[in-house]
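Chemist: Chain residues, written in single-letter form:
2 protein chains.
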Amino acid sequence: MSNPTAAMIVIGDEILSGRTRDSNMHHLAGRLTEAGIDLKEVRVVGDERGTIIAAVQAMAKVYDYVFTSGGIGPTHDDITADCIAAAFDAHIDVRDDARAILAAHYAKTGSELNSARLRMARIPDGAELIENPVSAAPGFRLENVHVMAGVPSVFEAMVASVLPTLTGGAPLISKTMRIERGEGDIAGPLGEIAKAFPLLSIGSYPFQKDGKYGAHVVIRGNNEEEIDAALGRLEVAFA
Amino acid sequence: MSNPTAAMIVIGDEILSGRTRDSNMHHLAGRLTEAGIDLKEVRVVGDERGTIIAAVQAMAKVYDYVFTSGGIGPTHDDITADCIAAAFDAHIDVRDDARAILAAHYAKTGSELNSARLRMARIPDGAELIENPVSAAPGFRLENVHVMAGVPSVFEAMVASVLPTLTGGAPLISKTMRIERGEGDIAGPLGEIAKAFPLLSIGSYPFQKDGKYGAHVVIRGNNEEEIDAALGRLEVAFA
Chain A
1 MSNPTAAMIV
11 IGDEILSGRT
21 RDSNMHHLAG
31 RLTEAGIDLK
41 EVRVVGDERG
51 TIIAAVQAMA
61 KVYDYVFTSG
71 GIGPTHDDIT
81 ADCIAAAFDA
91 HIDVRDDARA
101 ILAAHYAKTG
111 SELNSARLRM
121 ARIPDGAELI
131 ENPVSAAPGF
141 RLENVHVMAG
151 VPSVFEAMVA
161 SVLPTLTGGA
171 PLISKTMRIE
181 RGEGDIAGPL
191 GEIAKAFPLL
201 SIGSYPFQKD
211 GKYGAHVVIR
221 GNNEEEIDAA
231 LGRLEVAFA
Chain B
1 MSNPTAAMIV
11 IGDEILSGRT
21 RDSNMHHLAG
31 RLTEAGIDLK
41 EVRVVGDERG
51 TIIAAVQAMA
61 KVYDYVFTSG
71 GIGPTHDDIT
81 ADCIAAAFDA
91 HIDVRDDARA
101 ILAAHYAKTG
111 SELNSARLRM
121 ARIPDGAELI
131 ENPVSAAPGF
141 RLENVHVMAG
151 VPSVFEAMVA
161 SVLPTLTGGA
171 PLISKTMRIE
181 RGEGDIAGPL
191 GEIAKAFPLL
201 SIGSYPFQKD
211 GKYGAHVVIR
221 GNNEEEIDAA
231 LGRLEVAFA
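Same order as they appear, the protein sequences are chains A and B.
For the first sequence, full-length UniProt numbering gives the first residue as 1, with consecutive numbering after it.
For the second sequence, full-length UniProt numbering gives the first residue as 1, with consecutive numbering after it.
Bound-form chain A, shown alone:
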């Protein structure tokens, strides 16, 4: 049994121009790994309708879960909700449940629920809302696509709301051995061990720090006994 698969679409010109450094990908990657869901691909795209729709359609077909971040605010460049609706050929308009959430929030904060803010209540027919405990404006799930905010604090809160609704797999177990030798010296025996354990993923990540160099060899898999066996071979090879 393999784990459920996932993909992410990071939406925003500001990431591609280098203005903003995305942190949502790294956050989601860690949470999914803990949940036993394999993140297989991430695409970063700009605020362009055609590109967003094409990415959603391509990835929703191939992966069990798709997650998007960005483009669901009140300004003219926030086009994600409309693109998701178009990708699934769903009708979209201001929806009463989302409008009620915004109305309650802005009544409390004393801001006006104007037409721009009402854009954040545009939710496709058939979608389920995702709670936003930080700033009220909800995300949503349509089919297998989870649409979330780009602001990291909001994105992370939405991910926390969504995670319990997902079907996870066997959580990934990961053990690391630090070897203070050049990767070129590690590579030969490591390749042999990787061949002997085809169900494990064995990666080598070089480091160079405080005048020392070497690699962290990370062994990942769902079966702890097998991981320990591979680790044992590693310890014999590099003792």
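Warning: the hint list may mix true and false statements.
For chains that are exact copies, the list does not tell them apart, and a pair is met inside one copy or across any two.
Below, computed lysine to aspartate or glutamate pairings styled on DMTMM-like, alpha-carbon distance capped at 25 Å [said to hold, decoys possible]: (1) K195 / E112; (2) K108 / D97; (3) K212 / D64; (4) K195 / D93; (5) K212 / E131; (6) K195 / E131; (7) K175 / E48; (8) K61 / E48; (9) K175 / D97; (10) K175 / D96; (11) K212 / E224; (12) K195 / E48.
No wet-lab data here; the hints were simulated from the structure.
Starting from the known structure of chain A, arrange chain B on it as the hints suggest.
Modeler: Below, chain B without anything else, positioned relative to chain A:
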């Protein structure tokens, strides 16, 4: 005249599992923007031959430049060079020019140029080497695809080697106005201004810090006069 376009492929299971936080995308995005080259899309993929080849083929066709990071070390999970060769149906083997670079480097450092390290001299026929002033093992360019290391210090050095070889466009000019109002209050007038300046890209990026909230409105384009005109309208609207 629009600017040349670019795409990036970040390669590595360690990014998708959340073990490593990628920094190369943000670095490349900033350098390309300075050079007047528009980064249009980034894909993050795992160490899987089929996925890497498909991404390279899809993106090399559509964009002027493609950049990859990761997977060119000496270990069994470093498969990028072979995938690039396969994507272009090019022959690949240890090449004399790359071998000579490695031989000189390891003679100096006293390490053995063993078969694992020799893997780093596997370069497709027809490719041009990209200098690696940090740890010698070169990257390469094949057609419009630039293949670079994943280790950030090496990646950044290789980007510096490559940039002067690229044909840039008009450098992007970007001006920012900080507005201490909710995005929902900004959105209406901002949408009007964006409509009036269709050649400019106008983005709104909300912040919340030290009890203050609002948005940075960023106006980007190649024509400074036009940017200043839009900025003027913005100042009138939110004075």
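Chemist: Each hint needs a verdict: does it hold in this structure or not?
Modeler: Hints versus structure:
no.	hint	verdict
1	K195 / E112	between (63 Å within a copy, 24 Å between copies)
2	K108 / D97	within (17 Å within a copy, 69 Å between copies)
3	K212 / D64	neither (42 Å within a copy, 40 Å between copies)
4	K195 / D93	between (54 Å within a copy, 22 Å between copies)
5	K212 / E131	between (47 Å within a copy, 24 Å between copies)
6	K195 / E131	neither (45 Å within a copy, 32 Å between copies)
7	K175 / E48	between (41 Å within a copy, 21 Å between copies)
8	K61 / E48	both (20 Å within a copy, 19 Å between copies)
9	K175 / D97	neither (46 Å within a copy, 38 Å between copies)
10	K175 / D96	neither (49 Å within a copy, 38 Å between copies)
11	K212 / E224	neither (30 Å within a copy, 49 Å between copies)
12	K195 / E48	between (44 Å within a copy, 15 Å between copies)
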